[in-house]
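Novice: Here are the chains, one letter per residue:
Protein chains: 2
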Amino acid sequence: MKAIKLGIIGSGNLGVHLCRAFSSSNDIDVTLFSRSGQNTGLINDLKNVVIEIDQGPLTNEYDVLILAVNDSSIQDVAAQNKENGALVLHASGSTDISAIGAVREKDYGVIYPLQTFHIENELTYADIPFLIEADSVRNLALITRLVELIGAKVHIMSSENRRIMHLSAVIVNNFSNHLYALSELFLTSKDLPFDLLLPLINETANGIGQRRPSEIQTGPAKRGDKQTIERHLYMLKENSDLKKIYHQMTLSIEALYRKR
Amino acid sequence: MKAIKLGIIGSGNLGVHLCRAFSSSNDIDVTLFSRSGQNTGLINDLKNVVIEIDQGPLTNEYDVLILAVNDSSIQDVAAQNKENGALVLHASGSTDISAIGAVREKDYGVIYPLQTFHIENELTYADIPFLIEADSVRNLALITRLVELIGAKVHIMSSENRRIMHLSAVIVNNFSNHLYALSELFLTSKDLPFDLLLPLINETANGIGQRRPSEIQTGPAKRGDKQTIERHLYMLKENSDLKKIYHQMTLSIEALYRKR
Numbered sequence: 001m002k003a004i005k006l007g008i009i010g011s012g013n014l015g016v017h018l019c020r021a022f023s024s025s026n027d028i029d030v031t032l033f034s035r036s037g038q039n040t041g042l043i044n045d046l047k048n049v050v051i052e053i054d055q056g057p058l059t060n061e062y063d064v065l066i067l068a069v070n071d072s073s074i075q076d077v078a079a080q081n082k083e084n085g086a087l088v089l090h091a092s093g094s095t096d097i098s099a100i101g102a103v104r105e106k107d108y109g110v111i112y113p114l115q116t117f118h119i120e121n122e123l124t125y126a127d128i129p130f131l132i133e134a135d136s137v138r139n140l141a142l143i144t145r146l147v148e149l150i151g152a153k154v155h156i157m158s159s160e161n162r163r164i165m166h167l168s169a170v171i172v173n174n175f176s177n178h179l180y181a182l183s184e185l186f187l188t189s190k191d192l193p194f195d196l197l198l199p200l201i202n203e204t205a206n207g208i209g210q211r212r213p214s215e216i217q218t219g220p221a222k223r224g225d226k227q228t229i230e231r232h233l234y235m236l237k238e239n240s241d242l243k244k245i246y247h248q249m250t251l252s253i254e255a256l257y258r259k260r
Numbered sequence: 001m002k003a004i005k006l007g008i009i010g011s012g013n014l015g016v017h018l019c020r021a022f023s024s025s026n027d028i029d030v031t032l033f034s035r036s037g038q039n040t041g042l043i044n045d046l047k048n049v050v051i052e053i054d055q056g057p058l059t060n061e062y063d064v065l066i067l068a069v070n071d072s073s074i075q076d077v078a079a080q081n082k083e084n085g086a087l088v089l090h091a092s093g094s095t096d097i098s099a100i101g102a103v104r105e106k107d108y109g110v111i112y113p114l115q116t117f118h119i120e121n122e123l124t125y126a127d128i129p130f131l132i133e134a135d136s137v138r139n140l141a142l143i144t145r146l147v148e149l150i151g152a153k154v155h156i157m158s159s160e161n162r163r164i165m166h167l168s169a170v171i172v173n174n175f176s177n178h179l180y181a182l183s184e185l186f187l188t189s190k191d192l193p194f195d196l197l198l199p200l201i202n203e204t205a206n207g208i209g210q211r212r213p214s215e216i217q218t219g220p221a222k223r224g225d226k227q228t229i230e231r232h233l234y235m236l237k238e239n240s241d242l243k244k245i246y247h248q249m250t251l252s253i254e255a256l257y258r259k260r
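Residue numbers (the numbering used here), protein chains in the order written: chain A, 1 to 260; chain B, 1 to 260.
In case anyone wonders, no lab produced these hints; they're calculated from the structure. Where hints are given, some of them may not hold.
Since the list can't tell identical chains apart, any single copy or any two copies may satisfy a pair.
Calculated pairs, DSSO-like style, for lysine-lysine (alpha carbon to alpha carbon, straight line, at most 27 angstroms) [as the list claims (entries may be wrong)]: (1) Lys222 with Lys243; (2) Lys222 with Lys237; (3) Lys243 with Lys226; (4) Lys190 with Lys153; (5) Lys153 with Lys106; (6) Lys222 with Lys244.
In isolation and in its complexed conformation, chain A is listed as follows (with noise of 0.2 angstroms):
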């Protein structure tokens, strides 16, 4: 079978992953269209990538052409690529499939990787959940086809569950990470090392693997334990900000488990 033909447009973290993830399989011919030419040093040396210091209107060579720009810039760079023949594709979790529908008749969908990109980490991109939507059964299988070149997996959704999905990960991933980043900053306050808790971050995201967090939950606001809450609100006291998450967790772990 002849290798799919891929543009990738924006080279933005979102953009720069994306073309690791696809250049992977020999099965896909990746071209990736950057208007500034940022970050394309770091891609520079990959095989099967091709790298275009261009976004304007594509030719139309492309089997898949994936919008890997802002949220907000979706629409206008589909409505500039509206006559290409090729199925066009946003990643966006909050947005609408409709935000392409409305400005092509046919062929076009969502590709969303449901994961958090930073540009230098590396990724086992075969273990990233991608969830997809497609206007026909054709093009799903297309989009189908391109994720399992890279041995990941398809999750078919609707934007409204994809957007679910998509508040979810804020919350596990933005939030969590707020939380290691705000204990960061308080025990760098105090002259502690933040580094010692990098064990038991990992141990409490790689427990969740093993049983459902709901079940699994400890600390001194699931046993009710009231006196140690006092000390830690009062450790609290010149940091509001944290208190007051403090507080708000603390009485959302008691209703929770006070009501089962």
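Take the given structure of chain A and dock chain B to it, following the hints.
Specialist: Okay, now just chain B, sitting in the frame of chain A:
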């Protein structure tokens, strides 16, 4: 050198894990004292371990006793073994060394493993930081030897600083797990699979081993994406607890990065 004779009092989560950890060294002979016999089936087949169904005042043959009991029982169990010649340690993050010091003239201290323990989970004990404290340099050296025999690292820390580390552990472990639990319950209520979030959760935790969490924050609150935030709050309208947490975390992220 003769093996260290270690007595561990209590066969809860912590006692069982300490038993597994220290019995991995051939230079430590472990006796686990359990009042109820709970969980002892889990450690029956460990080498270098004797199990005693008893928790009364212990005989004088141990070099070190670790009180792996509830925080509120530490002082009572220490008082019961007031005359014992061993070095007597508690293993609590939030309990002052003086809880034992009040009932013993000398040879007391703390050995606090900064990790979360679930009874079934296997752990790499060599990765756990042990925060230690003692009434003398000689006793600090003995605790250090015990910990180094299982390949782990000690960090000498005052009761006050240990309490700050414990509070931080509650934030990164208990609160993150609660975010996972709330997402799990939210997704289940929408018939969507929580498991799809596991690779993201793991990457979020692993990512901070490479860069400081305050430097890798992402998401709608960080980038000031009001439209997505409003939509998320609307999606949580029937979930008042999670909505409050979403709101509080968003305010806190906005405040932190606006300041910078």
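Novice: Are the hints correct? Go through all of them and say.
Specialist: Hint-by-hint comparison with the structure:
1. Lys222 with Lys243: Close inside one copy (18 angstroms) and across copies (20 angstroms); limit 27 angstroms.
2. Lys222 with Lys237: Both: 22 angstroms inside a chain and 25 angstroms across chains, each within 27 angstroms.
3. Lys243 with Lys226: The answer is both: 15 angstroms in one copy and 24 angstroms across copies each meet 27 angstroms.
4. Lys190 with Lys153: between (45 angstroms within a copy, 21 angstroms between copies)
5. Lys153 with Lys106: within (25 angstroms within a copy, 61 angstroms between copies)
6. Lys222 with Lys244: Both: 18 angstroms inside a copy, 19 angstroms across copies.
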